[in-house]
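Could you build the full structure based on these sequences and the hints that come with them?
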Amino acid sequence: MSTNSGLQILVNHCILFILLIISTSQSCLSTSCIKSERDSLIHFKGGITDPRSVLSSWTGSECCAWYGVGCDNMTGHVVTLDLTGNLLKGSITASIGNLLSLTVLNLGSNRLSGIIPSSIGQLSELDRLDLSSNYFEGVVSEVHFAKLTKLRLLYLSSNLFTFRVSSQWVPPFQAVDIRIASCHLGPDFPAWLRSQTKLSFLDISNAEISDTVPNWFWNLSSATFLNLSHNQMGGKLPQNAFELGSLSTVDLRYNQFVGPLPRLPSAVEDLLLSNNSFSGPIVLNITETIAGLRALFLSNNVIEGSIPSNICTRLLFNLDLSNNYLSGELPNCWATSSRIETVNFANNNLSGTIPVSVGSIYSLKSLHLNNNGFSGEFPPSLNNSASLVVLDLSGNKFSGPIPTWIGESLSSLKVLRLRSNRFDGSIPPQLSQLSSLQVLDLAHNNLLGTIPPSFGNFSSMAVIHNTSEPLYITLYYDEVLLYATSLDLSNNGLSGEIPGQLTKLFGLQFLDLSWNRLTGKIPRSIGELSVLESLYLSHNQLSGKIPQGITTLTSLVHLNLSYNELSGKIPLGNDPVEILKDPSVYIGNPNLCGYPIPVPCHGNEASKSIAPPTLMLKTGKMSLA
1 MSTNSGLQIL
11 VNHCILFILL
21 IISTSQSCLS
31 TSCIKSERDS
41 LIHFKGGITD
51 PRSVLSSWTG
61 SECCAWYGVG
71 CDNMTGHVVT
81 LDLTGNLLKG
91 SITASIGNLL
101 SLTVLNLGSN
111 RLSGIIPSSI
121 GQLSELDRLD
131 LSSNYFEGVV
141 SEVHFAKLTK
151 LRLLYLSSNL
161 FTFRVSSQWV
171 PPFQAVDIRI
181 ASCHLGPDFP
191 AWLRSQTKLS
201 FLDISNAEIS
211 DTVPNWFWNL
221 SSATFLNLSH
231 NQMGGKLPQN
241 AFELGSLSTV
251 DLRYNQFVGP
261 LPRLPSAVED
271 LLLSNNSFSG
281 PIVLNITETI
291 AGLRALFLSN
301 NVIEGSIPSN
311 ICTRLLFNLD
321 LSNNYLSGEL
331 PNCWATSSRI
341 ETVNFANNNL
351 SGTIPVSVGS
361 IYSLKSLHLN
371 NNGFSGEFPP
381 SLNNSASLVV
391 LDLSGNKFSG
401 PIPTWIGESL
411 SSLKVLRLRS
421 NRFDGSIPPQ
431 LSQLSSLQVL
441 DLAHNNLLGT
451 IPPSFGNFSS
461 MAVIHNTSEP
471 LYITLYYDEV
481 LLYATSLDLS
491 NNGLSGEIPG
501 QLTKLFGLQF
511 LDLSWNRLTG
521 KIPRSIGELS
531 VLESLYLSHN
541 QLSGKIPQGI
551 TTLTSLVHLN
561 LSYNELSGKI
571 PLGNDPVEIL
581 KDPSVYIGNP
591 NLCGYPIPVP
601 CHGNEASKSI
611 APPTLMLKTG
621 KMSLA
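The sequence shown begins at 1 in the working numbering and counts up one residue at a time.
These are calculated hints, taken from the structure and not from any lab test. Source: prediction; values computed, not measured.
Below are the PhoX-like pairs computed for lysine-lysine, each with C-alpha atoms no more than 25 Å apart in a straight line:
1. K521 to K569
2. K545 to K521
3. K89 to K45
4. K397 to K365
5. K581 to K545
6. K504 to K414
7. K545 to K504
8. K504 to K521
9. K147 to K198
10. K581 to K521
11. K365 to K414
12. K545 to K569
13. K35 to K45
14. K35 to K147
15. K581 to K569
16. K198 to K150
17. K397 to K414
For each label pair, taking beta carbons as the anchor points, the in silico distance ranges come out as:
18. N591 to R422: 33 to 41 Å
19. S166 to I42: 31 to 39 Å
20. R339 to S32: 50 to 58 Å
21. L100 to E304: 58 to 66 Å
22. Q541 to S381: 37 to 45 Å
23. L160 to D424: 54 to 62 Å
No residue lacks a Cβ here, since even glycine has one placed at the ideal position from N, Cα and C.
Structure (structure tokens):
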């Protein structure tokens with residue numbers, strides 16, 4: 001009995017102890033907001049316009065429960081203020097500097113303006129400062145960082161301020177992540193970065209820097225991500241520039257760097273060097289150690305020589321060598337690059353036939369070989385490229401017929417450009433099976449026969465698309481290629497009539513059938529192409545009247561009907577678009593009459609003619625004569 005009694009006493013003591021812990025914990029959790037900090041927050045709120053009313057909870061004495069505010073459970077001090085992405089307007093008041101325990105200040109992605117108060121520099125506990133994507137102006141100087149000894153993350157990108165510190169300034173912090181892009185950081189390269197030995201992520205793109213990159217910069221051994229793009233940096237890079245131990249991404253696009261390409265490190269994944277003046281060949285050792293390479297952008301440089309055969313790495317995702325001076329044939333190594341989605345070799349001096357291994361890239365979505373010297377027939381290996389969305393072979397020496405299998409095998413195509421080659425024979429009607437096709441360009445070839453009536457079945461061209469949405473994201477990151485919905489069959493030897501079915505392509509914005517041997521009339525239903533902006537039918541043998549429906553094309557900006565056999569009165573309608581009033585549209589049609597050409601209509605045509613509108617004043621009123 002005594003044993004049970006003792007056990008019961010022990011249990012009761014344990015319960016009391018647990019209750020005491022819970023009570024103490026709850027007491028800590030309910031620590032009140034500190035009045036001086038609450039007052040500072042209220043003062044801060046007074047400078048803010050809050051369109052979403054996210055600060056409506058900022059009432060009462062308990063500021064630790066307010067939206068975006070976080071407090072230390074033990075002390076009650078405000079330690080976080082996170083109001084990211086709330087469309088807040090106004091300015092930051094100096095009272096923000098009274099929140100001395102703040103470790104996180106996130107005000108990014110708002111519409112705040114004015115100057116950044118120097119009192120922020122007093123926040124000695126601050127670990128993360130995010131003021132990015134606002135409209136702050138004025139000067140950010142050393143005083144803004146005076147006591148920020150614990151700062152690790154600094155986000156100031158996309159503002160209007162000028163970053164101005166002395167060349168001898170050594171920041172009191174050791175940051176791991178610095179983003180000061182799209183603001184006035186230059187023109188000098190920021191020398192203070194030399195002290196940031198723990199820096200992992202750096203973005204100073206579009207920062208108006210027009211200096212050379214000092215050699216010490218390439219010794220920041222902790223760096224994994226470097227973005228210096230969209231500046232005016234110049235000079236040569238040292239050969240070991242990219243040999244930092246853990247570097248994975250380097251973006252130097254849109255600068256003025258010159259000289260040979262540096263050697264690549266084994267860890268690099270994304271190397272973006274486009275739009276500079278790098279010269280010389282792609283040397284073999286540039287690809288010997290890049291097994292992990294995902295993206296290589298070298299476009300718009302002065303690179304010459306051949307494409308190395310070991311450029312086809314296993315993880316390669318995007319490859320852009322366009323707009324250089326590369327020569328020779330494509331390497332037959334593409335079976336290795338099973339993940340690649342974009343290949344762009346456009347605007348070089350490449351030649352030969354397309355290697356069979358290109359057809360082994362089942363993931364390929366975008367292939368740009370345009371404006372080179374490739375020859376042979378349409379690459380039969382592409383029969384396996386079912387994922388292709390964009391195929392551009394224009395501006396080469398390909399010959400022979402256009403394969404009928406394109407319509408069935410390349411069913412994902414949105415863009416097919418074969419212009420300026422030597423393709424011959426008739427246009428295969430099977431192309432109309434490409435239900436996603438929005439751009440078909442077969443211009444400047446040797447094609448004969450008629451325009452397939454089945455082209456009226458291009459279902460994606462029959463839809464009016466939202467032009468604010470890109471047809472296809474061509475490259476890695478932010479490179480977007482926009483195409484209008486278009487059909488270009490110009491400069492061939494096509495004959496017969498224009499199929500009326502083409503006017504069912506209601507989403508068509510561009511139609512060019514010029515420089516062929518087309519006969520018959522312009523389809524009466526041409527007015528159904530309500531979003532058509534450009535219509536070129538010149539240099540054919542079209543006859544009959546210009547259909548009245550052409551006057552309903554209110555989006556029309558470009559029109560050429562010249563050098564045909566059209567006749568009758570030129571239709572204008574009641575409120576003609578400007579292009580219909582341009583006489584050059586109708587040159588070479590001697591049987592046309594009426595405004596805007598200086599040939600009057602006679603007989604029945606004259607009675608239907610609409611004289612050019614002129615304004616006359618009669619008794620204070622405006623009338624048409």
